[in-house]
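Novice: The chain contents come next:
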Amino acid sequence: MNEVTGRSSLPGSAPDAQSTLASRPAQVIHLAKVSKVFAVEDVETRALSDVDLTIDRSEFVAAAGPSGCGKTTLLSILGLLDSPTSGTYTLDGERVTGLGHPERAKLRNRKIGFIFQNYNLIGDLTVEQNVELPLSYQSLSKVERRSRVQEVLERVEMSHRMRHYPSQLSGGQQQRAAVARALVIQPQILLADEPTGNLDSKNADSIMQLLCTLHEAGATICMVTHDPRYVGYARRIVELWDGRVVEDRPAKAP
Amino acid sequence: MWNSLWQDLRYAVRLVSKNPGFSAVIIVCLALGIGPSTTTFSLINASLLHPVDVESPETLVTILANRAGGDRPHESISYPNYVDLRDRATTLDVAVATGARLSIRSETTSELTGGAMVSPNFFDVLGRQSLVGEVFHASDSDAPGSQPVVVLGYAYWQEKFGGAADVIGSTMRINGHDFQVIGVMPQTFTGQMAVVQPHLWVPTTMLDEIRPDIPSQREQRGHSWMEPFGRIRPGSNLEQVKKELADISRQLAAEFPASNEFTSFTAAPFTGIPVSIAEGVRQLVALAAVVVVMVLLLSCSSTAALQLARATVRRREIAIRMAVGASRWRIVRQLLVESVFLAVLAGALALLLTLLAFELFHLLLPELPTGLVLGSSLDYRVFAFALLVSVAAGILFGLAPAWQMSRPDLIAPLKNQDPGGDYGSARVRNTLVAAQFALAVVLLISAGLFVKGLRRAQSLDPGFETEHMAIFDTELSIYGYSMQRTSQFVQEFVERVGALEGVQSVSASRFPPLSGSRSMTRITPLGEDLTSGASIDVGLNTVAPGYFSTVGIPFIAGRDFEPQDKQTAARVVIVNETLARHFGEPQSALGKLLAQGPGESAEIVGVVKDSKYWTFGEQDVAFVYMPLAQWPSRELAFCVRTQGDSAAMLTPIASQIRSLNGDLALSTLRTIQEHTRQSLSAARTSAILFLVLGGLALLLAVVGVYGIVAYSVTRRQLEIGVRMALGAQPRDLIGLLVRRGLRLVAIGAAVGVCAALGLTQFLAPLLSGASPTDAQVFILVPLILLAVAWLAIYLPARKATRVDPMVVLRYE
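Residue numbers (the working numbering), protein chains in the order written: chain G, 1041 to 1294; chain R, 63 to 874.
None of these hints come from the bench; they were simulated from the model. No residue lacks a Cβ here, since even glycine has one placed at the ideal position from N, Cα and C. Fair warning: there could be bad hints in the mix.
Derived pair list, reagent style BS3-like, types lysine-lysine, alpha-carbon separation capped at 25 Å [to be verified]:
no.	chain 1	residue 1	chain 2	residue 2
1	G	K1182	G	K1146
2	R	K477	G	K1242
3	R	K671	R	K654
4	G	K1146	R	K477
5	R	K628	R	K654
6	G	K1292	G	K1242
Here are a few chain R residues that face chain G, going by a calculated C-beta distance under 7 Å [said to hold, decoys possible]:
no.	residue
7	L71
8	H239
9	A385
10	G387
11	A388
12	S389
13	R390
14	L472
15	I473
Pair by pair, the computed Cβ-Cβ distance ranges are [to be verified]:
no.	chain 1	residue 1	chain 2	residue 2	range
16	G	T1125	R	L857	43 to 53 Å
17	G	T1125	R	L842	48 to 58 Å
18	R	L848	G	V1183	57 to 67 Å
19	G	S1207	R	L853	31 to 41 Å
20	R	L853	G	D1267	49 to 59 Å
21	G	S1187	R	G797	57 to 67 Å
Please take these sequences and the hints and turn them into a complete structure.
Specialist: Below you can see the structure in the form of structure tokens.
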């Protein structure tokens, strides 16, 4: 398994935060025998079967596989949007299996940054407000919220669009705003679900470059994609088939 | 916490400004629901909750008289008992007041108005001074007839004198005596009672002039007719007052056992609402509360339905918020802030509607009792109530949608997928639809019954001629007429008015037809052998000869009263057809005897057709007429049959009345059309109020079902697209959607009909004789609702089927 790097997973985090992180567990994510079964009336569909997976701090992992192999279900469980039917899930050293909705919401808010295929920005909010949204569910002062939003928008080169609404942006710009929103909470892990799925190749390349830059700065990333062009950006590839991990290998350099 | 609440509020403001159409519909719907509540509360506040305008009401007490064996205390006292209480009490100052019909004569006319006769210390005890001029005091002369002064109520001053200050010192002729106007009370002063503001106050020192009909009232200790109250003196308290009143009661019982042996006086905290009407007021308030809460619930469920429809659009936004860490509670709170914000805006609109409602009341309901204070001012209580109801409504209509929208089902919305079946929320929506229509059916059936009752009353043959007649009511006792003078007056009236050109006949009676108030007695038909049968409760009127031909009530058998049916002659009566049937065929009642009391019997000399005696809504009632000469009365109604338009005869009739006695109030001289219109005012008022509420209920239910169907078809876009792609015709799909929607409406309507069957029984006395289970109303109302609901369902259903299936399928 990958070695612990000791680098902060929080891009741009302060030195004192880095020292705090040094005491954190090396494994950000650990799944043991995780299964997920969807039951609709008498029909059961097994989306994941006995998945074991560990993601260390500062890793960039791509989960790949054909449609229906369980990639999205895996990401949903990792992102605490869904619960496994069986098995255990440990996030940043804390066992999260069986947690209730409020606790899971809190963990999502503190430790997980999401990047969706369809950006999922709120149309009634400006870019700045969209990025600020996760912070609004934390007890932060307005000054601190604004400062962190400004910082992260500069990082993704979107500060000049902060007053724009999503409908006024291109797809690539919307995804950059979505990345900024994921980063603003300084998450333990970034979960990206087909982040290039709705983009043309130029914008897709740009977003992948951004993820690589973030990874190089220490971010832990787990990306789901079925596009072979972008799997190679990750450092490690987990292949799924029929809900099982069939291969877990280091990626070749892009 | 406050910071995030502020954020939620800002977002709510933004949402409202971004969706003005949707927000406006929600606000209007809610305002229509909150409006009746704030209007009702405003009325209650102005009349019942408003502290009576007196000084330190906490030291005022109502004095109650308990009679041994009586079921509840009453608030009346005789004049001698009042004087003794006033003179003996050391812990409180005792005052009295009583309502009085006052005949006011001006230069041009005379009219009856509602005033009050009060003890000279009335204003001192209440602690209020006049706005203009002065009031009378206890220190003024207490000798009978020594205070011919009057204090005017503010409304009366404005209405009759245009608020002129020079009215002070002028003379008013009241009940045939001159009184000097000495003051005008402030606008808010209603005396010792809330709700009704007397037009004038005169002192009890003028008792003999104001109430000459009861000459012995100053001495009759057993005749309780004044309402006592008092102010606790400094240094005393309620318990001491009660103890002292009990002591005085014992003294009076010992001194005057004939009248006071079983009477004891006590005191209760002053409320401004007489104990005798408090229970009725409570029931009225409860009924009003039930109706307005029904409308409010309907409004909340309709807006909840609209919010659910909106939830479809906001699923993704909510899922995003939850994905980035918002807890369910946080989402629910945000959505509730939005709902409450909309509801508060609706509350503001409802307050405007309340003001409008008062204007409408005055336009639609002109027949409010004189002197009733219909408050329309919006004080802090009304604002606080509107805010409270708005917040409650916001939570009520926002909670179910908020709970539904914040369900932790994140994955599908985040991927823009249709989550498929949502059976839980469907149950909520279906229940909302059914409940809305059930409530609407109840209110509309009630409205339908009132309208039916009104139409029935309007088209009903009252059993007498309803044209070419004038009526004049008067109460000669207040002008000091004795029985003998009254008899003379009747004779002169009949002669003089009967001699007018255009007058066909004139007669007098104790009550006019459709008098509005019941007068009953108990009689016992006697058999051939003078053995008595079962007693019967019958209606009663005393009439002069010629009454039946003048009013237009035909005879079935026998004769009219004649001049020889005098006090000294044998007692005779005329009965109506219903009473006559107790003896078999109506004609067979002639010559039969009716016992009216021990040793008193009267012979039936005539049988007349049934008619309406008190109200249009009354059922057929056994009725007996007695000759006015044998049962004289100083309260009289004169009926004048005219040859042509009776309105044109009012002036010459009034002129003749003035010539008989210039003091007589002429405001009660009117045509029979005006008289019947007044007697229908209660039915008309009820019909208008329930029609407004029923219309409101229908509107809200339709908006609700439209919202829910629109929501439902939006959720089923994929299903509709697939069905259309597979060859379904739009009419098939519309039929499918309409059938599903109408099934719920039908269930709601059925529940509403069942509820109405139970509830309308309570309305029966108010329906002017219409059946509370009238089949026409119970069938028509649900059918109308179903037709309107069909339209509300059809429109969004048709819109949904106009979408290109390929667009829907590609989107999904």
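Novice: Now tell me, hint by hint, if it's right for this structure.
Specialist: Consistency of the hints with the structure:
1. G:K1182 <-> G:K1146: Given that 25 Å is the threshold and the Cα spacing comes to 20 Å, the pair holds.
2. R:K477 <-> G:K1242: holds (23 Å)
3. R:K671 <-> R:K654: This hinted pair holds, its Cα atoms lying about 18 Å apart.
4. G:K1146 <-> R:K477: holds (22 Å)
5. R:K628 <-> R:K654: Measuring from Cα to Cα gives roughly 19 Å; hence the hint holds.
6. G:K1292 <-> G:K1242: This hinted pair holds, its Cα atoms lying about 22 Å apart.
7. L71: violated (13 Å)
8. H239: Constraint on H239 of chain R not satisfied, violated at 77 Å.
9. A385: holds (6 Å)
10. G387: Holds: closest Cβ of chain G sits about 2 Å from G387 of chain R, inside 7 Å.
11. A388: holds (5 Å)
12. S389: holds (4 Å)
13. R390: With a minimum Cβ separation of about 6 Å from chain G (threshold 7 Å), the hint on R390 of chain R holds.
14. L472: Cβ of L472 of chain R sits 5 Å from chain G, so the hint holds.
15. I473: holds (5 Å)
16. G:T1125 <-> R:L857: 43 to 53 Å: holds (44 Å)
17. G:T1125 <-> R:L842: 48 to 58 Å: holds (57 Å)
18. R:L848 <-> G:V1183: 57 to 67 Å: holds (60 Å)
19. G:S1207 <-> R:L853: 31 to 41 Å: holds (35 Å)
20. R:L853 <-> G:D1267: 49 to 59 Å: holds (51 Å)
21. G:S1187 <-> R:G797: 57 to 67 Å: Holds - the Cβ-Cβ distance for S1187 of chain G and G797 of chain R, about 60 Å, lies within 57 to 67 Å.
The structure does not agree with the numbered hints 7 and 8 stated previously, though it agrees with the rest.
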